[in-house]
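Peer 1: Chains as they are written, first to last, in UniProt numbering: chain A, 1 to 394; chain B, 1 to 330.
Hints were generated in silico from the structure; no laboratory data involved. Incorrect hints may appear among the rest.
[Claimed, not checked] Straight line, CA to CA, 25 Å or less: simulated DMTMM-like cross-link-like pairs of lysine to aspartate or glutamate:
id : chain 1 : residue 1 : chain 2 : residue 2
1  : A       : 110       : A       : 85
2  : A       : 256       : A       : 292
3  : A       : 110       : A       : 70
4  : B       : 247       : A       : 330
5  : B       : 249       : A       : 330
6  : B       : 261       : A       : 292
7  : B       : 249       : A       : 185
8  : B       : 261       : A       : 124
9  : A       : 110       : B       : 319
10 : B       : 261       : B       : 240
11 : A       : 110       : A       : 29
12 : A       : 63        : A       : 315
13 : A       : 125       : B       : 216
14 : A       : 110       : B       : 240
15 : A       : 110       : A       : 124
16 : B       : 247       : A       : 378
17 : B       : 261       : A       : 70
Values in this document were obtained by computation on a predicted structure and should not be read as measured data.
Spelled out, the chains give:
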Amino acid sequence: MTSRRKGRVGPLASKQDTGPALDVDALLDDPATEIIVCCGSGGVGKTTTSAGLALRAAERGRKVVVLTIDPARRLAQSMGIERLDNTPRPVPGVHPDAGGTLDAMMLDMKRTFDEVVESQASPEKAAQILANPFYVALSSSFAGTQEYMAMEKLGQLHQDAQKSGRWDLVVVDTPPSRSALDFLDAPERLSSFLDGRFIRLLLAPAKGPARLMTAGLGVVTGALTKILGAQVLRDMQTFVAAFDTLFGGFRQRATKTFELLQAEGTAFLVVAAPEPDALREAAYFVERLSAEQMPLAGLVVNRASRLSLTGLSGEQATAAAERLASGTTDAPEGLTAGLLRLHAERTRLVARESRLRRRFTAAHPTVPTAEVPALSSDVHDLDGLRLVGELLAG
Amino acid sequence: MTSDWPGVRLHVVTGKGGTGKTTVAAALALALASSGQQVLLCEVEGRQGIAQLFDVPPLPYEETRIASAPGDSGGSLFALAIEPESALLEYLSMYYRLGRAGKALDKFGVIDFATTIAPGVRDVLLTGKVYEAVHRNKRGKNQRHYDAVVLDAPPTGRIAQFLNVNSELAGLAKVGPIRSQADSIMSLLRSERTRVHLVTVLEDMPVQETADGIAELTADDLPVGGVVVNLVRRRELDDDARTAALKGKLPRAGIEADLAKAGVDVTPQLVDGLLHEAHDHAERRRLEDEQRNRIATLDVPTYELDRQPDGIDLGALYELAADLVDQGIA
Chain A
1 MTSRRKGRVG PLASKQDTGP ALDVDALLDD PATEIIVCCG SGGVGKTTTS AGLALRAAER
61 GRKVVVLTID PARRLAQSMG IERLDNTPRP VPGVHPDAGG TLDAMMLDMK RTFDEVVESQ
121 ASPEKAAQIL ANPFYVALSS SFAGTQEYMA MEKLGQLHQD AQKSGRWDLV VVDTPPSRSA
181 LDFLDAPERL SSFLDGRFIR LLLAPAKGPA RLMTAGLGVV TGALTKILGA QVLRDMQTFV
241 AAFDTLFGGF RQRATKTFEL LQAEGTAFLV VAAPEPDALR EAAYFVERLS AEQMPLAGLV
301 VNRASRLSLT GLSGEQATAA AERLASGTTD APEGLTAGLL RLHAERTRLV ARESRLRRRF
361 TAAHPTVPTA EVPALSSDVH DLDGLRLVGE LLAG
Chain B
1 MTSDWPGVRL HVVTGKGGTG KTTVAAALAL ALASSGQQVL LCEVEGRQGI AQLFDVPPLP
61 YEETRIASAP GDSGGSLFAL AIEPESALLE YLSMYYRLGR AGKALDKFGV IDFATTIAPG
121 VRDVLLTGKV YEAVHRNKRG KNQRHYDAVV LDAPPTGRIA QFLNVNSELA GLAKVGPIRS
181 QADSIMSLLR SERTRVHLVT VLEDMPVQET ADGIAELTAD DLPVGGVVVN LVRRRELDDD
241 ARTAALKGKL PRAGIEADLA KAGVDVTPQL VDGLLHEAHD HAERRRLEDE QRNRIATLDV
301 PTYELDRQPD GIDLGALYEL AADLVDQGIA
């Protein structure tokens, strides 16, 4: 495994299901913790985890802002942020006793991108860029823009927090990307794209006729015109020319955000569910974070199945249910056998999950882990979020 | 058993992340193949989910046989991982015989550009390859003909946008070959030969997304197929038992007597544990029923697949395929 590094402390062989326990409250209470990034693959409950952590931190006295990406309607309602307007708003109903506050917002990716353009370019130039079809596509559907804008917004919030003192902790959710790693690569991808060879080529005509004479260019533009049509090529050139002045700014911002993620006050929480895909992504992520020297706080395993202490194994339960199938019963027919089969099934589920977690732990034994049992209902109010926070804290 | 979807050549399968979209797409493809059809299963998100599911090495950009139906039905299943870069190069060499220019395009980063930023082009390329596979006919030389193509598509939140390649290109390529390619794809996607199936689980958010997805598809004139409800819990307790479990009124004495009869060492801890699990199960079932009722109001055919307590392996996949056949999807 690539993650094996010098200086690891821990057992050489272990039968543990999970690594050491993750002390969520210690993380939230530590004033040095300025940013918490929740990442993981889609469908593992990242947004709920972010919101639950933020609420708990606020009720333990931190001044928190939470950036959610695409919250479920009821979750958004529970925090009073159904409206998407890219501005943090106070969440009503947070217990003020500890002196903390909670603001929440949803990311509006296009709005954030527009604001970056507006802040970097002259008004006419900005207007020209915002109207270009290539910009519209880049800002609304380019794979990676959402990730990039989430990081951009994180940078802004953190800067605001430092300047105004309004917040001392930023909790950020990451987009439901195909892969958990996408958002780490997005800034780099976007800026290397903007610096790409083709872009510079398109810019060449704007910079002097002599550059036009490069050997390959005629062939390339010829082919492109044939396939896309001349109008597309013109739009493309206008866009690239207009965007040219912003390139430097974008690269610089991306670099700064990357540094912020590596800073000491940042803590990454990798969120997963006890499913093979989610845990595989979590493992990649843990390895990647250590390669990038980004501070990993721990792993959160959501939706874990729990077993009641019954002292009865799955096999015993199945066998007992079969014995009950023939013959009369005292309880209504089929009830006790049903209970036994339910127990047997749950035992299998729990065994499978612990097998999956063991596989993760074997490769990454030092990663502190918090396990959150599956909730029987969706979170739809602050009490629900409070419960998530409590479960996270163990 | 007759299929609910006769005449459908392209089955698009979408679903929210974590609902088992790829698993259902694969099970559907197997179900179709088991009736003797030649089936192609495509993925477009570069995840190699099909290879993992079927436990085969990562799929190349080439149709690869991954399963044959047992017996002599003659059905078989091929799989293809579509990447936009390869699709573009293939497209260029097929229609333009670009030769030197093709290589130059790649060298100058145009391929990268076209497949990442040029609006809509990426999706036109991905759906274009699917279109090509559906449209092949038996007369084509050295080409495999498919009776059905199953597409493991992007998630519900993006599906209408992904399939509506026309509007994505709108305002950009008003004329030209890319545009007419998009038009042909669109006419297949909007036809009787295509259906979009949505995978969900019985939870609030995925069901909401399914409802939103159906509304969006309908608004875009894209043909909605069925809803596949995945990861359904086993239904062990009847209505009376669940009501009693929720109220904490299961007959403890009777259960204890039964357990003793079954030769189990009855302890208070055991009975407490079983009753607790019953309560938990009943609570979840109640929520599942709420979601099931919401799905019923969507007014589309639904299919249910049970949760596999040991996870999905090849054996489980074949079982799911058989369940889909039994329910008439294939």
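Peer 1: With reference to the structure, classify each hint as holding or not holding.
Peer 2: Outcome of the hint check:
no.: 1; hint: A:110 <-> A:85; verdict: holds (11 Å)
no.: 2; hint: A:256 <-> A:292; verdict: holds (14 Å)
no.: 3; hint: A:110 <-> A:70; verdict: holds (14 Å)
no.: 4; hint: B:247 <-> A:330; verdict: holds (20 Å)
no.: 5; hint: B:249 <-> A:330; verdict: holds (15 Å)
no.: 6; hint: B:261 <-> A:292; verdict: violated (61 Å)
no.: 7; hint: B:249 <-> A:185; verdict: violated (55 Å)
no.: 8; hint: B:261 <-> A:124; verdict: violated (85 Å)
no.: 9; hint: A:110 <-> B:319; verdict: violated (44 Å)
no.: 10; hint: B:261 <-> B:240; verdict: holds (23 Å)
no.: 11; hint: A:110 <-> A:29; verdict: violated (34 Å)
no.: 12; hint: A:63 <-> A:315; verdict: violated (51 Å)
no.: 13; hint: A:125 <-> B:216; verdict: violated (35 Å)
no.: 14; hint: A:110 <-> B:240; verdict: violated (52 Å)
no.: 15; hint: A:110 <-> A:124; verdict: holds (19 Å)
no.: 16; hint: B:247 <-> A:378; verdict: holds (21 Å)
no.: 17; hint: B:261 <-> A:70; verdict: violated (53 Å)
In summary, the structure is inconsistent with hints 6, 7, 8, 9, 11, 12, 13, 14, 17 from the numbered list given earlier, while agreeing with the others.
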